[in-house]
Amino acid sequence: MSRVCVNAKTINSNSNEYYFEIPKESKVSDKMYHQAINAHKDLWGDFYNLAGQPTVKVLVAEDDWEIDSWWRHLYKAHPFTAGIAKLKANTYYDWHIDTDRGVRVNMLLNNWDTSHCMFNPNMKRGESDYNIQLADLKQGEREFVELKYTPQRYYLFNTQVAHTIYNFNEPRYLLTLDFDEDITNLTYKQLLEELIRERWWEK
Amino acid sequence: MNDGGKNKDCFFEIPEDSVASELMYIRAITAHKDLWQPYYNFQAIDVKDDWVVDPWWKYLYRAHPFKAGIIKLEANSYYDWHIDTDRGVGVNMLLNNWDQSHCMFNLNLKRGANVTHGNVKGEFIELKYKPQKYYLFNAQVAHTVYNFKDTRYLFSVDFEEDRTKLTYNQLLAEMRRERWWEK
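In order, the protein sequences belong to chains A and B.
Here my numbering is used: position 35 in the first sequence is 35, and no number is missing along the way.
Here my numbering is used: position 32 in the second sequence is 32, and no number is missing along the way.
Be aware that a few hints might be false.
Said to hold, decoys possible - Computed beta-carbon distance windows for the label pairs:
no.: 1; chain 1: A; residue 1: E146; chain 2: B; residue 2: D9; range: 28 to 38 Å
no.: 2; chain 1: B; residue 1: D34; chain 2: A; residue 2: K27; range: 55 to 65 Å
no.: 3; chain 1: A; residue 1: L43; chain 2: B; residue 2: K67; range: 53 to 63 Å
no.: 4; chain 1: A; residue 1: I196; chain 2: B; residue 2: K67; range: 23 to 33 Å
no.: 5; chain 1: B; residue 1: N108; chain 2: A; residue 2: D178; range: 27 to 37 Å
no.: 6; chain 1: A; residue 1: N169; chain 2: B; residue 2: K67; range: 49 to 59 Å
no.: 7; chain 1: A; residue 1: R125; chain 2: B; residue 2: Q37; range: 44 to 54 Å
no.: 8; chain 1: B; residue 1: K183; chain 2: A; residue 2: K124; range: 49 to 59 Å
no.: 9; chain 1: B; residue 1: K67; chain 2: A; residue 2: R197; range: 56 to 66 Å
no.: 10; chain 1: B; residue 1: K149; chain 2: A; residue 2: K124; range: 23 to 33 Å
no.: 11; chain 1: B; residue 1: D17; chain 2: A; residue 2: N169; range: 25 to 35 Å
Treat the hints as calculated values from the structure; they're not laboratory data.
Being a predicted model, the structure only gives us computed values, none of them experimental.
Yeah, the Cβ is synthetic: ideal placement off N, Cα and C, and Gly gets one too.
Build out the structure end to end from the sequences listed, making use of the hints.
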């Protein structure tokens, strides 16, 4: 990101730096949710971060899953693996900056009002590489911008801004597109510009 | 989480409605801005002698002198995972934002690097504050607060005895025995 200075008092006005809502409703969201809740437990694999810690369970999408038609344009430009990430009830995924991905495309499949996803641009990557330094935050730097997921909506997600998730209810299912290109080859800003230019969802 | 056993390690709901909660809230929202002072990472105002308070406070105060105050947390802000440095136990009552803020405990986070750097992923126990209810609060279990809406106001008791002199379990046992709120 090229942002030089973010004033905590104004971070709410810059939400496009953290996420972008794709202005087209998904037709497959409900089906994806049913794939998730009906999947056999053995199909859920562990997703590990670079420190070797298991973070979330992921169900990788199969070829026979019904998908939204615009995915094929996105896939041609930037190949990805689609999956559904599961977070158990009453659990959180603490503040972090993704280690290897610059951008994702996400769609929340349930728990829209009972889970929270938040960004804080004031937090920076810390000593441990996979996590972030918390101790240096000053008064006024513990503000957040919430991504309030709307049902049937995809969001371009800037994984290089610190983010956290709290889930308060049933298991939370998130469809996520994991691009083959890593952070050095595909950034949020690049893909945002390309999406806005190409408007694949209209094709 | 519906695990009453684990909840009891973190907080205890005092089974008596407050009669002073709404007046406290009005005091908070009408307080002049100069009265708010820094208190750890919050802003706080002291409860004054002329404020209406719940009658059972006098028994609590005689047993364990304290300062009482209201602390505020701005909208869309949070107080990250921490264990209190000095306090072993507090008594809290949330004055607004019962459904728009969340207070959570994590029994597995320990003081030191574990809290400072987070644990990547964890389970939490939520203290779902109810209106007009006080809660004994275990300040030695890692906890965090997220506030999603308007400024959040929390009444909080800060005991003169620090965590080496007064623990959550001590005060919980004493409160259950004495039942000051019934007197």
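Hint check results:
Look at E146 (chain A) against D9 (chain B): about 30 Å separates their beta carbons, and that is inside 28 to 38 Å. Separation of D34 (chain B) from K27 (chain A) is about 56 Å and conforms to the stated range, judged on CB atoms against 55 to 65 Å. For L43 (chain A) and K67 (chain B), the hinted distance range of 53 to 63 Å is satisfied, since their beta carbons lie about 56 Å from each other. The given range of 23 to 33 Å is broken by I196 (chain A) and K67 (chain B), whose C-beta atoms sit roughly 55 Å from each other.
At about 28 Å, the beta-carbon gap between N108 (chain B) and D178 (chain A) stays in the expected band of 27 to 37 Å. A hinted range of 49 to 59 Å is violated for the C-beta pair N169 (chain A) and K67 (chain B), which are about 37 Å apart. Distance hint check for R125 (chain A) and Q37 (chain B): the Cβ-Cβ separation is about 34 Å, which falls outside the suggested range of 44 to 54 Å. Distance hint for K183 (chain B) and K124 (chain A): a CB-CB separation of about 53 Å, consistent with the stated range 49 to 59 Å.
As the Cβ distance of K67 (chain B) to R197 (chain A) is approximately 59 Å, the hint placing it in 56 to 66 Å holds. Between K149 (chain B) and K124 (chain A) the beta carbons are some 27 Å apart, a value that agrees with the proposed interval 23 to 33 Å. Here the CB-CB span from D17 (chain B) to N169 (chain A) is close to 28 Å, well matched to the stated 25 to 35 Å.
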